[in-house]
Amino acid sequence: MAAAVAGGMWYFFSPEYTDVGYAPVQPVPYSHALHAGQMEIDCRYCHASVEKSAAAVIPPTQTCMNCHQLVLRDSPKLAPLVDSSTSKNHMRWVRVHDLPQYAYFDHSSHVLKGVGCVSCHGRIDQMEVVHQVKPLSMAWCLDCHRNPGPHLRPLNEVTNMNWMPPSDPQEHEAFIQSAMAERNINPPVDCSGCHR
Amino acid sequence: MIRKSKIELSSPEYWRSLEQLADDPEFRSYLENEFPSTAPALDAPLDRRRMLALMGASFAFAGLAACRRPVEHIVPYVDAPENIVPGIPKHYATTMPDGLTGYGLLVESHEGRPTKIEGNEQHPSTRGASHPHHQAAILSLYDPDRSHDVLHNGQVSDWEAFKTAWQQWSESFAPDGGLGMAVLSTSFSSPTLHRLAEAFKARLPDALWATYDAVSEENRVKGLKLATNQDLQYRPRLENARVVLALDCDFLGLEPDSVSNARGWAEGRQVSAPQDDMSRLYAAESVLSLTGSNADHRLPLKSGQIGALAAALASELAAQGVAVEVPPNASASAVEGMTDDTFLKSAVSDLVSAGRQGLVLCGRNQPPQVHALVYAINQALGANGSTVEYYPLQDAYASDIDSLKQMAAAVEDGSVDTLIILGGNPVYNAPRDLRFSRLMEPLTTVHVADRVDETSILADWHIPLAHFLESWGDVRTSSGELSITQPLIEPLYGAVSMAQVMGLMADDQDLPGYQRVRQTWGPLLQGQGDEETEWRRTLHDGILAADPPAPVNPPYVSGAAGEMPVAVSQSDREMELVLVPSYGVGDGSGANNAWLQELPDPVTKLVWDNAAILSPATAEELGVEKGDNVLLKHEGGVVELPAWIQPGQADGSVTVALGYGRSRSGRVGDGVGRNAYLLKHSQSPDFGPNLIVENTPRRSQLVSTQDHGSMEGRHIVQWGTLEEFRQHPEFAETHTPQTQLYPEHDYSKSPQWGMVIDLNLCTGCNACVTACQSENNVPVVGKTQVSHGREMHWIRIDRYFGGPTSNPSGAFQPMPCQHCENAPCEQVCPVAATVHDSEGVNVMVYNRCIGTRYCSNNCPYKVRRFNFFNYTQQRPEVAKMAANPDVTVRSRGVMEKCSFCLQRISAGKKQAKREGRSLRDGDVITACQQSCPTGAIVFGDITDPQSRVSQAKTQPRNYILLGELNNRPRNSYLARLRHPHPDLEAKRNEAMEAPPEPAHEEAPAHGAPASHGGGGA
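Line by line, the protein sequences are chains A and B. Take the first sequence: its letters are residues 1 to 196, numbered as in our numbering. Take the second sequence: its letters are residues 197 to 1213, numbered as in our numbering.
Heads up, a few of these hints could be off.
[Unchecked claim] Using 30 angstroms as the maximum straight-line C-alpha spacing, the simulated DSSO-like pairs for lysine-lysine come out as follows:
hint	chain 1	residue 1	chain 2	residue 2
1	A	Lys113	B	Lys1106
2	B	Lys822	B	Lys801
3	A	Lys134	B	Lys1109
No wet-lab data here; the hints were simulated from the structure. All figures in this text were calculated on a predicted structure; none of them were measured in a lab.
Isolated chain B, as found in the complex (with noise of 0.2 angstroms):
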């Protein structure tokens, strides 16, 4: 017995749904027997008489069956909660942990039901806005493959017999004080967690403690406590600095606080009148990540030297008069792959004279000495403590891989019997080299994990482990503030806290997890005035509101950084592997959330899959084309992965996505892309050197929802350097014709919506478009699907590519239904189930609209989606739970789109009728603009000329989207700009292609020009 059948959630009763009916056995027993005299008919031979006679009754069955009223029943509390009034939906702030970090967040709450989430504005991890895993995990929550039950040797058990056994190991092993027992976790900030660890230690001194994740911050906490003999966590300040220079470093994306991060930069980035300034920001990287796509300067380097490259930016930084120590082998010349050294004296140039307001960051990748050079040169510079803060690392257990190899080295040597793994997975994705599942075998295992899963299915007990949503637990941000995580809903299936599993190993006692936070807080809450008041409060703000911990600034350690990492014989022929976790699915635990797999990669447009990331150099000296399979082989692993082709990445360097291959998530991640763990050896556990590439005949199929980046010479996304814009401020104008055939609509009335985009602020993140999959119940299609051109996104972001096909720059366009005052659209459909409503909103009318599908084929926006199948009925019965009930579930054949969220504009408007006063600006705010990290959308009535969106779209910058056409769109965008050092893009013009291109026409990345938009096949 490997794992018991799946049990599907009958709905739950306190809502009603169709869903609900069609399953009610009642209402399928009425059905079926509905007309059960002609049963026996249809069984007897067939004459015309008889067949005419059947015929016409089963249409008149037919008309009756249709017009008969299914017996709906209205079920209501016994007792009523209290403050719950059905219908208005609560909403609860918790947060999630996030390794090190955690970030605050809002929760919808439908009657219990938690629907959505957004961003905690009262706390800085988030500030309102959010991340697509924030976003994905209403999602999670609902997962049918989590696990429902305690398996002991793959039998179903359960709580109280693992405590049993728990009771007997705590008795056997407290004699020797733990020795024999090893306990292995993932890293966490939390002082509830970190209690009960440390009680346990106490109890068991001799117990082995091992913390590992498969994507962690551990390079950086070591290298602060390398330049600085503490522990430190560290918080970029983006919003205070002018220059920034990331290395290696996705901080806009991948590396932790990426909203905090956007929101930061975004500040630096606002431009409204061309006396405005603007931050510049440039990258040095191996994979061209969305850092690196907005940055205004990128290098492509190998991720192997970047140390050589901040070893350089030491040494030209101290050449000019910046007090740093210089590393004893730092020579520009030395980086590898650096042609000329523009890039960096230009950066060095801004860095010096922007001072304390300059930035350098180290992505997590780099190992522990390029952090604390990047220290030493952010304390010289004056930028710690201005645009980058430490808070000492509190409350937390930081990843070490040392730990995981020492307690495998016990393991190899007998000196444990008996392993309690608290989470993670790590037998997918501990380095292959410590070959875990073959350390397991001989030991008594314990899993507490969210799924059976390829740890879970080896270990003789699995735990299951509640949902974030679903328990009580605290988070010490990577700023220092305490906040908590409350249950928005009792355990689906009746899964365990962390607290709670930690805490009976900490005292053998099961006290819920509410009781173990509480204990904790007991404490912190000391000297806040009276304790119950202030416990009530920070579960109502989410956040403790006593003051945060102040920043601490400690001096560098002198000649800590020591040499730079630089390879010996890093030749051009040598090529390099570079692990990095997935946007979407992250280090593989969003593996089964199908919104993360079929978000599209932000850069290279990928779904529902990984691939080995070649520059278009390397693929052509290696002969391979894009979705040709390649062999990877680093350090005695092996993976076979297609080949994707991207303009900007590191020549000699391989990317591959982590997060992917999994074997037991479930029913939507198993077997989707391939494991790239397998290549991560212990050694060099993020990139490494040593990779051969072998080519195979085989090919595999790449579904990317956007193939190529290029805007075929047409202006849509107006792109201009910042001097540009201050020659000439509205150099993004389009011409719209004054004239039109068609009669003008009536567009006087208050309110008129509108929305405005700012591409300058938009940096490609998703977040709107998980935030509206969730907000507007959008189906997810699945690889095949998507293939087709037929993902269901309301919302999708659009990515181009500029400048030089070598080195690529990129622009992020956000691209919901424009809301067209002439929409073409409607002009084509046969039975006006698209139209305007009198507040210009071109709404879609799913019960009219009989698919001809005319009104896609004459967007020429192509934002209109189809439902070629019954997507959302296909959903498993529990997933229906994360649907908002707010909007209407559309079935086969019907096109929807953006509809401007009109629940919202609704539920806007009735609160403010409900108060007696009229519309205000920010009342009504969209599911893609609250998400927006940089708030680049904004959304409003356009006939006030105060509120936000008329102000922007007063703006030189503003411009329409294809305004020749004079569909006059409600929406418009703000043209991007650059920020551009002038020596560097003078090289830069050098390298455009012939013939020279003004800066805003962008020259083809590569590939040929592919229809795809939504609906269309």
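The shape of chain A in the complex, shown without the other chains (with noise of 0.2 angstroms):
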């Protein structure tokens, strides 16, 4: 009984089940599965800055108006869009992917040494609506950085969500062990490496 009770903490208290799934509704239906799947919108047009800074930043209206100037304008699903756009009154997206304020996470850092995007976010490229695919949590973020080969990538794959390491073992282990020693891939397992 109190191993089901501790057992039943152990993982229904865990971001693993809290947080994992997690889709709000946003106040405009965007549709990654549309824009990054069927559009093949490089993730970068948006996130512009997940390559210089901590923040990979939700874009500016400006931005989406880019296209939709010209594009379904009219729709009443981006009406939202074009009021921000015109009133100036900001967007009000709601975070999916939450971590706590005390961990500092840094985007750049992440792209710029090869983890891919869909290590952390999973297929957004087939998501109608985005929900979270991994628990986010430390303990999570810790097993990569202890063992961060196998989720390294050529540095031009990252944003590729349909990547595949090399089917033969041996192949991938010597992708590793160069990617690891060319990038001086070297995480920190340190406290101090995320929280300060």
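Dock the two chains into a complex; use the hints.
Set out below in structure tokens:
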């Protein structure tokens, strides 16, 4: 009984259960499946600072309007966006991937070292509504920080959701070895790596 | 209606924070309504079964509530501003105006929100370092008590209404050339403001213009005028000086340009090898100042006797063959309080041999004649143009108390009916005998000020004045460089800049400050290539790139100084009052800044208070003990103040810090300390005789962060003379045990962080303390909490006294976490909340901390700080904007301490990674290091033998603190050196109490040993 309670708490109170699958309703039903999947717009077109800054950023209204100025401007689904563009009121998107404030995650550090978007965010290109697929818990972070090799990919495949590691394990291992050495991969496992 | 209720700014939407979340009404209601069905149940009478059921339910709910995700919004820009990448701060150069000079700063801005101020490396006024007042300006920007509205007769009005009022005045005064109008401004040195003031005067030539600062350069400007017939600014060049004699001149502390002074002074105090030479500093002063504490020799002397000392100095120099005019009343025996002339003779012999590398400095409290004489002395030594430079006083309105008196007289005789007060706070800080508040009564008055202060509350119109980080402006510094003040943010409360107000006065037009400044700079940028390019370059650099103006060196006008002002009957019994600005709140304008209030005075270590500072002998004579209230009566003014007994204070001299006792500064500063301006008289505004001190039966609590100055016989600050260092270069070496019981940590990986603090360079100025507070979101706790030893500063400056108790010298020791390799704190933490990382930094994991405080008890350096209350959450909403987003804000029940600026280490490493290179020395600069004017703090990788920190650690003066404990701290210190004159040193050793001690053993100063460290309470 005690073991069942403990086990239950272990699982049901963990981010694995509470956070994974979180898919809040957004002010505009933006579909990544359409934009990133079908139309193959690169992640960085909108999430422009992902290689420079800690924040990947949600794009300014302006970025959406670059296309929607002409495309489906009158669609009722886009009304909040068009309104934001004309009235200069900010969009209020709902954060999906939410780390605690005391964890200082940096997108650029990961992306520039060849960790793919898909590793943490899942198949965004297939999501009509974005949801969280990984627990984003500290243990989950540390799993990769302790053994980063399998999560590395060629630097030009970072945003490619379809990239698969070489099927030959030896070839994959060789790639990991060379990537680890070339890119000086040395992720911190100290507290001070992410908390300050 | 006195004042509009204070408006709390709701948190702006452009960044995320927990606080923002907590205040989100949506989230609030969500929380409140989370389990509405349980609410009625609580009204019903409880039986045991029900009670258990509810308890069970609440337990489950608590668990669920804890893991439920709060909805957090991301609010992106609508139109992204150019060149802003969210998450990457921008830096802008600007200039902080300060009287007749200004300081070049570099301000960090996160998505449009300024958060941190540093010195501007390209600007000679700071050269990258800073002052506590610069650092604390960021908190003043977010001061919720700054005024939000134009007020007219106490009612909320607006800028348009004032403009209309001004137009009417302008029309009605124009026919008479402005007769009946008076303007009272503070001093400024600004091409734009000067141009506008001149335009105003040209239009209304008969309007009166007075300029008054409570703490000013007036005496110096008048003295230089006397000496040379020219309007001059002075700028010491201490880097060229070998011998400096400071006459009541706190050039390292309270005087303007203290940052560049300290930089220059430090250059002469660099000692790395035994053969290196070092400059020598003499100080004669009434109150033990920062400069006096750092002096090799110090003579406590009443401020009223400094003139006599200067005259005796001239006479002695002339006797040694220096061609200086001797004042008629010069004589060493006329200097009361100087028991023998060894000090004078030693200083003279040093100055004569130093020649143009000598320098005499005269403090701004001293009357103009003394300044003129000091000019003559420097001229005769050849120091003018070498160790001190003079620049024409241009584009400036200097404070002149006579102009204020004339204005007061004009008001008395009814020839003025409208008074415009531009900045300042004369009701609070004008000399008491002018009775400024009564003066204002019959007049129509306008006060331009940043808050509804003592003056504004009595004025008919109050115009909110923007902070310098919100305004356009410009400054000509004391050495003549032109630099720009550019805004970092729109005025938070809709205030207007001084350029805008003075522009309106000049030509009735309401133009933005930018346009006013740009108009001024058109001609200034001429001949510099493309004007717009040069303008942008100047904005970027913060300073005009053109050649700075050349210093001038006019001859001394013979006989200018005349007789030195020597008080006629300066008997021993007669007391002297000396008024000085506070190291923290300055002249009182910083009173509502909690960082400055809680910043310990560098010498007394008092916080949140001012006191009547007495020498031990004077206190004994008066029968006064520390904390006893005394009544000070001076020229009709009476103030009751607690006494503070300070070794080194001149006997018979009572010093009181100005800037306290505000009644309308805001929620922080009101009622803190007592207002010493009530003792200020226009005849003797800075110091004066005829002070009467009366005892009272009352006592007050004075809170000092370091009550005593003794090291209790331990070698905490290692301290020797230059001579001792030459004979025993490694005199400071400490014994460290070589064996230990605990397993060795692995510190082989690069980088390994370490720090060295050169105690020979540290002046104790507190810049590092404030810089750390700003960088690391260090909370303020208030006077009561500090009295319990609960101050939160991550780096404190321990002040020790050495030498004879009558005339001690000071030593300052900055004390951050020592980052011990064998950290005693880590071994006692039951939850591993404090651990080492692989780079040798002792890190604090806030989320693990359960608040046992064992670590603090076991820390031999007492550098750990505990959050006894939720200090940060109590801050006003708008003040939270000053927080650094890269550092966690700590909550109640959590221990915290210096982290070696982990966020900067992380930023430096990431920058290096992005650029695809390894870390270089200098990539990581801690906040304290960056702010230090003397470069006393060096930080870096100790595994790199070429790094500056490794080099410093190889110096013979290097030692670690309490090495015998085998803590192996990463921090080490370089021993402090004194460079005494042999004759004076012999006398000093005589004066030391028996049994004679070696020079680095300190005699206890006073007071009982008190344990006072963080978190212990």
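Cross-check of the supplied hints:
no.	hint	in the structure
1	Lys113(A) - Lys1106(B)	holds (11 angstroms)
2	Lys822(B) - Lys801(B)	holds (14 angstroms)
3	Lys134(A) - Lys1109(B)	holds (27 angstroms)
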